[in-house]
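Protein chains in written order, with the UniProt record's numbering: chain A, 1 to 306; chain B, 1 to 306.
Simulated from the structure, these hints should not be mistaken for lab results.
Sample of chain B residues facing chain A (criterion: CB under 8 Å; computed from the structure):
#1 Val139
#2 Pro143
#3 Asn163
#4 Asn165
#5 Ile169
#6 Asp197
#7 Ala202
#8 Gly205
Over the 12 Å line for every Cβ pair with chain B, so calculated as not near, a few chain A residues:
#9 Met53
#10 Gly70
#11 Pro104
#12 Pro180
#13 Asp231
#14 Lys236
#15 Asp242
#16 Leu256
#17 Leu278
The C-beta atom is built at its ideal place from N, Cα and C for all residues, glycine as well.
There are 2 protein chains.
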Amino acid sequence: MAVKAEVNQLKDGDKKGLVDSVETFIFDCDGVIWKGDSLIEGVPETIAMLREMGKRLIFVTNNSTKSRAGYLKKFLGLGLEITAEEVFSSSFAAAAYLESVNFPKDKKVYVVGEVGILEELDGVGIQYLGGEADGDKKVTLSPGQLMEHDPDVAAVVVGFDRNVNYYKIQYATLCIRENPGCQFIATNTDAVTHLTDAQEWAGNGSMVGAIKGSTKREPTVVGKPAPFMLDYIANKFDIRKDQICMVGDRLDTDILFGKDGGLRTLLVLSGVTDEATLKSPENEIHPDYYTSKLADLLTIKASVNA
Amino acid sequence: MAVKAEVNQLKDGDKKGLVDSVETFIFDCDGVIWKGDSLIEGVPETIAMLREMGKRLIFVTNNSTKSRAGYLKKFLGLGLEITAEEVFSSSFAAAAYLESVNFPKDKKVYVVGEVGILEELDGVGIQYLGGEADGDKKVTLSPGQLMEHDPDVAAVVVGFDRNVNYYKIQYATLCIRENPGCQFIATNTDAVTHLTDAQEWAGNGSMVGAIKGSTKREPTVVGKPAPFMLDYIANKFDIRKDQICMVGDRLDTDILFGKDGGLRTLLVLSGVTDEATLKSPENEIHPDYYTSKLADLLTIKASVNA
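The shape of chain A in the complex, shown without the other chains (with noise of 0.2 Å):
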C-alpha cells in the first residue's frame, strides 16, 4: 500500500523561510524559465529579486541540442541578463564529464548529437567524428563489405539527434562492441522532448534506447537525474547540498535529481506537471514545496518592502 502523500503547497509565510535557508537556486529552464521560445510570466523579476538578496542562480537544462554559448544567446535573446557560467547544460556536461575521467587526448569520441555537443567537445579539446558530418550517410552493403571504423574511439556521447540514422547507430555500436574498454555515455535518457509546444516528441530516450538495444550495455548518464552535474556544480562553486534548492517542472527528472542529492526542491506547475499528478497514489517523488509559477516568489518583496 502506497503511503498517502505529503504534498506542501508552498504559502506566503513558508517562501521567506525557503529563500533564506538556501544560497543557491538551481533553476531547471524548460517549464520554469521559459516554455519553447516565451518567458513565463514574471521570471524577470523574480530572478532580480533573488540576484539582490544575493543568492547564486544556476540555470540547468538536459537539452543537449545547444552548447552554454547557444544558450547564453537563448537567454540574452529573451531579455534575461546571465552569464556563461551560470549555465549548465548536458552538452557542457558530457565534455565535463569526459576532462573529469582524463580523457586522453590522442583518443575521440563519436557522438550522436547535434551542434550543441560537438561545440563543448571543441571547448575541452577532445577530438570528434560523427554527429553532423554523418547525418545524410546511408548504409549500401555488398557482400562481405564491413563498415570500417576508428579504434581510436574510446567514447560514444548520445545526445538528442534529429538526424539519427542507422549508419550512425551501427557506428556507435561497432565502437562500443569492438573497441577495448570504450565508453558509452548519454547526455539524458529523457523520453520526450519539447521540441515545439504543439505536441510531445521523443526525446534522447530513443537515441539511447537504439544504442542500448544493440550492445545491452547501460550508459554513463550525466544529465538530470544522475548525480554528476549536480556534483560538478557543488564542486565548483564549493556550496553546501543542503543549501541549495532545485526548481524544475518535472518529478522524474529535476525533483528526483534534487531529492536523490540532497537538495530543498520546489515543483513549479508551469511546465509538463499537473497537481492532480503530484498528488496521484501513484507518484512517488514528492517536493519539499509545490507552487504555480516561479513568480509566486514575488510576494517575498512585497512583505520585505512592506
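Take the given structure of chain A and dock chain B to it, following the hints.
Okay, now just chain B, sitting in the frame of chain A:
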C-alpha cells in the same frame, strides 16, 4: 553457485534415436542452412535424407526484411527445394499475429521496417503506413508545429530497418502515446544481425530500443524466442511439441525458444556460438545435444544403408 553444465555432444549412437523420436524439424536459417549468401556444407543432402525419412521440415527466421515469398526465392536460388508453407519469417509472424487478434480491417498499422513486413501485411489485407515510404522524410520545425498522425493507426510494427530515422521514430511513438489501445509489436529484439558476414551489425534491438526509450512500453514480440511462432506452427500443423526438434545456432533465441516451448533442441556450431561459449559457466541455456553442423546427421544414412 551455477550448477556445472551438462552439455552433450551428439554422438553417432544418439543420432537415429533423436531423429526417430520426432516428426518435425524446425530449422533456424542463418548459421544453420546458410551463412549470408552461401549454403553450409552438406545441407541439401541432409534435408533430402530427412524428407526421405518422412520428416516434416520447417524453416524459421527472425529476419523480417523479406516476406515468405522473398525467402522462398532465396531458398530456390541456393538450390534448396522447399515450399512457401515451410517458411516462417518474423515478417509473416507479425501479420499472422495481427490476424490472430482479429485486427480490424478499417484500422491501420504504422511500420518501422523493410519490405518483408509490407508484403506480409498486403498478404492478409491489412492497411499500413510508413516503412519504405517514410525512409527519406525529415522533421523540420517551426514554432508551434506538430506532426500530424493518423488516429486510425491501431498497431505499430517494428522490424529491422536500414532507413530508420527520427520521422519514423516520432510517428511510431506518437501513435503509441496518443492513439488509445494502440499495440506495439516487435518482429524480434535481436541485438545484432548479419547483413554481411564481415562483422556484426546492429539488429532490430536498436529499432525496438528507440521506440521503447520514448514510450516506456514493452512490445509484444512475435519472433524467437517468444512463443508466438511456435504456437502458430504447432496449431497449424497439429503437431505435439515434444515431437519437434529445434535446430539452431543461437543459444538465446533458437535454443531458448525450443526449451521454453518444450521441444527437443540441437545446437549447431556452424553459426554464432562456439563450443567455449556453450560450455562457459555463464551460459545457462543448454541444448539436448550439440554438433558441429547439420550435415553431421548424414552418418545415419550411411548406417541405414550399411
